[in-house]
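Q: The primary structure of each chain is shown beneath.
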Amino acid sequence: MKQRLVVIGNGMAGIRTVEELLTAAPDKYDITVFGTEPYGNYNRIMLSSVLCGEKTIEDIVINDRQWYIDNGIKLYAGEGKTVVYIDRKKRDIYTQDGTVAGYDRLLIATGSNAVMPEVPGNDLEGVISFRDIVDVNKMLSYSRSHNKAVVLGGGLLGLEAANGLVSRGMDVTVIHNHEFLLNRQMDRPAAKMLQTELEQRGLKFKMAAKLKQLLGDENGHITAVSFDDCMDAGGRAPTVGALGDAGAVAEDGSRLECDLFVTAIGVRPNMALAQRAGIYCQRGIVVNDTLQSYDPSVYAVGECIQHRGSTFGLVAPLFEQAKVCANHLSAHGAAEYVSLPAATKLKVTGINLFSVGDFQGDENSESICFTDPALGIYKKLVIKAGKLIGAVLYGDTADGSWYQQLLEQEDNISGIRDALVFGQAYAGAHNH
Amino acid sequence: MNKPIQTTCPYCGVGCGISAKVDASQHRLKISGDATHPANFGRLCSKGSALGETVELKGRLLQPKAYGRETDWNQALALVADTFSTIIKQYGADSVAIYGSGQLLTEDYYVANKLMKGFIGSGNMDTNSRLCMSSSVAGHKRAFGSDTVPGCYEDLELAEMIVLIGSNAAWCHPVAFQRIRAAKEANPELKIVVIDPRRTASCDIADLHLPLASGTDAVLFNGLLSFLSAQNALDKTYIKAHTEGFESALASASIDVGQVAAICQLNKDDLQRFYSWFVGHKKVISLYSQGINQSSSGTDKVNAIINCHLATGSIGKPGMGPFSLTGQPNAMGGREVGGLAHQLAAHMDFSNADDIDRVARFWGSKNIAQKPGYPAVELFDAIYSGKVKAVWIMGTNPVVSLPDADRVKLALQGCKFVVVSDCIADTDTTALAHVLLPAQGWSEKDGTVTNSERCISRQRALFKPAGDAKPDWWIITEVARRMGFEQAFPYQSPVEIFREHARLSDFENNGSRDFDISAFADITRHDYDHLQPIQWPVNQAYPQGRARMFDDGQFFTESGRAQFIAVRPLRPVNLPDHAYPLILNTGRLRDQWHTMTRTAIAAKLNKHKPEPFVEVHPLDAERYGLAGNSLATIKSFWGSMVARVQITDNQLPGNLFVPMHWTEQYASRGRMGALVNAVVDPISKQPESKHTPVRISAYRSAWQGFILSRRELNIKKPDYWVKIKGEQFYRYELAGLAVPENWRDWAQNNLGDSDTDASQWQEYQDPRLGNYRAARIVNNQLDSVVFIAAGSTLPERNWLAELFEKTALEKTERMALLTGKPPLGGADAGTIVCACFNVGELTIKAAISEKGLKTHQEVGRCLKAGTNCGSCVPEIKALL
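Protein sequence lines, in the order shown, are assigned to chains D and X. Heads up: the first sequence at position 419 corresponds to 419 in my numbering, and the numbers run straight through without jumps. Heads up: the second sequence at position 842 corresponds to 842 in my numbering, and the numbers run straight through without jumps.
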């Protein structure tokens with residue numbers, strides 16, 4: 001008699017776990033999947049490609065409903081199918097519309113929620129995040145009917161959103177609270193090159209800016225945002241990107257008109273359900289190296305978890321978690337999850353940037369730098385005790401994965417140091 | 001181009017004929033060997049072939065200068081004449097001097113010598129031939145009673161055995177060596193022996209190399225003389241009939257093979273073999289050069305060699321004889337006119353009162369010098385001590401070439417009045433001149449030179465004089481006139497001087513002097529202009545010249561007999577000690593000439609040995625902690641230099657070799673002259689340039705690097721720098737004692753120029769290792785590149801150098817620039833499909849076909865492509 005596996009969350013982490021499980025132990029479970037979005041399973045990361053029109057929704061669907069049928073998986077997808085309660089004693093789950101399902105093993109993959117800015121007006125019409133197909137469709141319709149957009153957050157998601165909206169013909173200004181973009185993934189020189197390149201594509205930037213409030217009209221629709229004095233450590237006044245147009249910005253730069261406000265200042269693990277069920281959580285659902293929560297029959301993967309103190313936002317570790325989790329669900333029970341330094345990529349066509357590890361370095365680290373500004377190339381490698389510990393590449397990222405490999409394997413690079421920054425081909429050849 | 005002009009090469013003493021096609025409009029030459037010239041029959045060496053590249057006007061001295069300011073000839077000549085006259089009036093004739101050069105033409109030389117010895121009345125006319133020839137001159141004089149080279153080049157083809165002694169002819173007299181090589185190929189029986197502490201390029205064709213201990217040549221040839229006697233290999237008849245002093249020579253030579261081997265540190269069997277070969281072959285040529293001459297006992301060494309030929313009667317006949325290879329194109333001409341301080345003129349000298357009277361009468365001089373003047377080394381001592389207050393240096397660079405050269409520099413800095421005639425504006429010596437006189441260069445001069453085989457050839461003007469440049473004979477003549485000697489210096493053209501020179505050689509000669517070209521006493525301008533190469537003497541007896549002297553057993557001594565000289569071998573004056581344990585040897589390179597004023601202009605000549613170097617035996621390298629290709633400081637009691645270490649067992653342990661060529665125009669620390677001991681042969685006064693005790697140590701620099709630039713840069717020079725002209729670029733080898741604050745600023749200051757807006761910079765920095773590299777690219781052409789490293793871990797320069805010949809840089813080349821190595825055939829990945837793992841389309845296609853992948857999962861497992869964000873899975877599927 002098969003055991004029952006219930007999966008809460010129809011996203012990338014949950015379904016990748018199911019996929020892994022289907023290869024690892026095809027007949028072990030009767031699988032039931034609950035998802036709030038009314039679709040099959042799609043590639044969330046690709047939403048930016050859909051936004052800028054390089055892909056369609058169809059392109060980014062990973063598993064359509066037929067796939068669930070083919071694999072004998074029960075799928076409950078849609079508003080009403082949001083799971084609202086877990087009865088861990090009875091091992092049952094309840095949805096909004098009263099659907100009940102019992103489980104032997106429960107997999108929570110509820111993902112994360114966008115962080116909303118804590119400022120007045122964050123509930124206005126036209127204030128959205130960038131998480132799912134609904135958000136994308138909203139942005140698309142705004143781009144057809146409106147002109148000015150503001151994106152809050154110069155991180156990966158924010159830049160992808162802004163780029164998408166620009167490609168849809170909107171006048172977009174990115175508001176960032178730091179002096180340079182992607183300040184978690186890039187160093188200053190690379191970030192400056194990126195900003196220049198994006199400005200050439202029509203994006204505008206308001207750097208080192210602190211949002212004060214969102215202003216709306218009588219219909220409760222956003223019309224503008226306003227700022228506090230800048231928090232630019234360098235003491236420079238907040239600036240709008242090179243192509244900044246006066247129409248969008250008040251003379252003093254303290255106010256910016258907009259019809260659409262997209263917030264992309266990060267995510268928080270979505271752990272409300274787990275908490276209500278009394279599953280131990282801190283910043284996320286706390287799991288061990290087997291992705292098991294404090295309740296032995298409850299597993300969790302993806303952006304909703306907290307593993308050894310860290311939470312997750314990039315896709316690579318999620319897939320790794322899925323492998324390990326499936327390995328244990330299928331009772332092979334060997335794998336252990338180890339979170340590795342994840343590499344950064346920006347999904348903006350024609351822009352190559354890459355970073356991994358500790359690319360800032362410290363007083364004990366050494367750096368190797370290669371620059372060819374005219375070709376838009378910048379490479380910085382950080383080395384400590386003869387090992388590569390971090391890398392930032394801009395313009396030429398061809399060797400990114402090689403550097404990541406060196407970094408993960410902790411190889412001693414002293415022998416190839418001279419050619420290291422020139423890439424694997426040279427280091428290899430000059431080494432032997 | 002009109003029809004080629006026949007002229008003579010201005011470099012070594014082989015004196016090759018050159019046929020030059022002249023393109024006056026472009027100021028270009030097409031150089032080839034003169035097939036009709038008896039010295040080379042069409043052959044040329046690397047230097048001669050590159051003459052066309054050395055005639056550019058850039059860097060030429062084209063205007064007289066006085067105290068740093070340009071002036072005209074009248075003022076310059078008046079200044080020289082007046083100052084000389086004043087100093088002579090005040091301090092006497094011996095307070096002035098002329099220091100000439102084997103580069104001067106015979107006519108120039110004649111006039112200079114006549115002015116100083118005949119009319120100023122001082123013997124103080126010496127020349128740089130003192131540095132290379134004077135031991136041969138003295139040896140000849142002692143043995144033959146005359147400064148005569150008995151044989152001729154043809155003997156090289158007729159010989160059964162050729163012994164090269166202290167001569168790297170392969171590099172220093174390349175065409176003579178080519179003739180030997182050809183002879184050896186034509187006749188494998190021809191024995192070639194090289195006697196030289198170094199295993200040089202000349203050993204390439206040697207049947208035997210004797211790497212004797214430095215300075216022991218006289219012992220080796222004394223040993224040969226005893227051996228000949230012991231083996232009854234003497235030509236007693238010849239000795240009896242034509243020589244004197246054999247017994248005492250043999251007595252002082254008495255030594256056995258074992259002792260010789262011990263002293264010379266040679267393998268006894270090898271030595272024995274050489275001696276036996278000498279006995280076994282009648283036609284033996286002993287070809288010797290600076291290794292013999294540049295010694296504190298050089299004259300004895302020359303005679304030790306000549307002794308052996310007299311003892312076997314192997315002299316003056318085809319295919320045999322002692323043969324001194326002269327260093328310079330007209331060293332012989334200089335000797336003929338009496339250019340050395342102990343000579344007077346036309347092979348007459350101060351040792352004979354009749355000669356002095358004779359020359360005085362011929363010149364109509366009341367004031368002729370009565371005694372020898374200062375030979376080169378003493379001359380500059382006299383300048384240093386203030387005895388000589390005015391010196392006129394012609395076409396030579398003593399600040400580089402003389403021993404204890406730093407002292408020579410001081411001497412000239414302290415000298416009251418220094419005049420320099422030269423064709424090059426900036427040399428280490430012109431830098432110290434009060435008056436600079438622009439002399440014509442090789443391609444403009446017109447006159448005669450004499451080569452090692454007594455062959456007189458014409459040097460002919462190929463171009464009109466550049467700027468205000470004048471012939472040396474004209475300059476001297478004009479000064480002589482202004483000093484009040486007009487009637488003795490009526491010359492309007494070289495031929496008039498040549499006639500007078502010829503008449504003097506004939507004057508009261510009657511066969512008493514070997515040098516006799518009386519046949520030219522009345523030569524017409526037309527015949528002079530069409531003069532074909534001819535070996536002196538040229539007189540009634542030998543109207544067509546004379547290939548070999550002494551074939552009749554007649555010599556120019558009192559008795560008419562050749563003189564054996566009893567030689568007691570002496571060790572070099574300064575021997576290695578604990579402070580200076582190594583022996584420094586100096587010499588020429590294949591592709592440079594003297595102080596590089598001309599050869600360094602020809603890019604192709606800078607490829608062979610671009611940088612000053614020191615050859616070190618592996619044992620010494622280990623002992624003194626020297627790495628190959630690193631920099632080393634070489635110190636002697638007299639001075640120091642810095643050079644690039646080349647580790648080679650061509651050196652004997654304990655011996656170093658450095659090239660003689662580098663000057664402060666091309667290297668900051670490359671002047672070997674600064675180290676060389678100012679010790680001279682007591683008879684010939686030739687310096688011991690082949691033997692100076694030195695020590696060597698690693699040169700500790702904070703950084704090393706190089707710059708290649710399309711433009712000649714005005715770099716802020718660090719402690720060590722070398723400048724090298726390349727085909728399309730200038731190369732600078734650099735090393736500094738202190739690291740600049742900011743390499744980027746340093747690079748921008750040194751490499752930048754006005755058109756900065758057009759320039760693109762590429763940079764590489766690894767501060768921890770002290771590595772900085774940058775390239776400056778203008779219009780996608782490589783403009784300059786700089787490599788800096790804390791150690792000496794710098795890439796080869798070749799590939800980077802080649803890039804300067806390209807009109808545009810490939811992307812792959814640009815990305816490889818700062819590796820210093822050519823782009824690798826790193827397979828092109830094609831357009832990136834998987835952005836997460838940077839997997840390219842071509843890579844994926846390749847994997848699919850090679851590994852027969854079916855699904856995107858398989859591709860993922862194989863290349864990781866599509867396994868992260870998965871966004872490229874559609875593209876991967878499409879590729880499948």
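The hints are simulated quantities; they were obtained by calculation from the structure and are not laboratory data. Be careful, since some hints might not be right.
[Claimed, not checked] Below 30 Å or equal to it, Euclidean Cα-Cα: the simulated DSBU-like pairs (lysine-lysine) are:
(1) X/K821 / D/K384
(2) D/K55 / X/K877
(3) D/K28 / X/K854
(4) D/K28 / X/K725
(5) X/K464 / X/K845
(6) D/K384 / X/K864
(7) X/K821 / D/K55
(8) D/K192 / D/K210
(9) X/K821 / D/K387
(10) D/K55 / D/K148
(11) X/K366 / D/K74
(12) D/K323 / X/K811
(13) D/K192 / X/K811
(14) D/K323 / X/K725
(15) X/K877 / D/K387
(16) X/K604 / D/K55
(17) X/K464 / D/K323
Q: For the pair supplied as a hint, X/K821 and D/K384, is the alpha-carbon distance within the 30 Å limit?
A: Holds, because 27 Å separates the two Cα atoms, which is no more than 30 Å.
Q: Straight-line Cα separation of X/K821 and D/K55 no greater than 30 Å?
A: Given that 30 Å is the threshold and the Cα spacing comes to 42 Å, the pair is violated.
Q: Verify the proposed pairing of D/K323 with X/K811, using a straight-line Cα cut of 30 Å.
A: violated (42 Å)
Q: Taking only the CA atoms, is the gap from X/K366 to D/K74 under or equal to 30 Å?
A: Violated: X/K366 and D/K74 sit about 132 Å apart, past 30 Å.
Q: Does D/K192 pair with X/K811 here, judged by a C-alpha cut-off of 30 Å?
A: holds (24 Å)
Q: Is D/K192 close enough to D/K210, meaning Cα to Cα at most 30 Å?
A: Roughly 20 Å separates the two Cα atoms, so the pair holds.
Q: So if I understand the rule, the pair passes when the alpha-carbon distance is 30 Å or less; does X/K877 with D/K387 pass?
A: violated (37 Å)
Q: For the pair supplied as a hint, D/K384 and X/K864, is the alpha-carbon distance within the 30 Å limit?
A: holds (28 Å)
Q: Do the alpha carbons of D/K323 and X/K725 lie within 30 Å of each other, as the hint requires?
A: Violated. D/K323 to X/K725 sits at ~64 Å, over the 30 Å cutoff.
Q: For the pair supplied as a hint, D/K55 and X/K877, is the alpha-carbon distance within the 30 Å limit?
A: holds (15 Å)
Q: Could you grab the alpha-carbon distance between D/K55 and D/K148 and see if it respects the 30 Å cut-off?
A: This hinted pair holds, its Cα atoms lying about 24 Å apart.
Q: Sort out whether D/K323 lies within 30 Å of X/K464, counting only the CA atoms.
A: Measuring from Cα to Cα gives roughly 89 Å; hence the hint is violated.
Hint compliance for this structure: hints 4, 5, 7, 11, 12, 14, 15, 16 and 17 are not met, and every other hint is.
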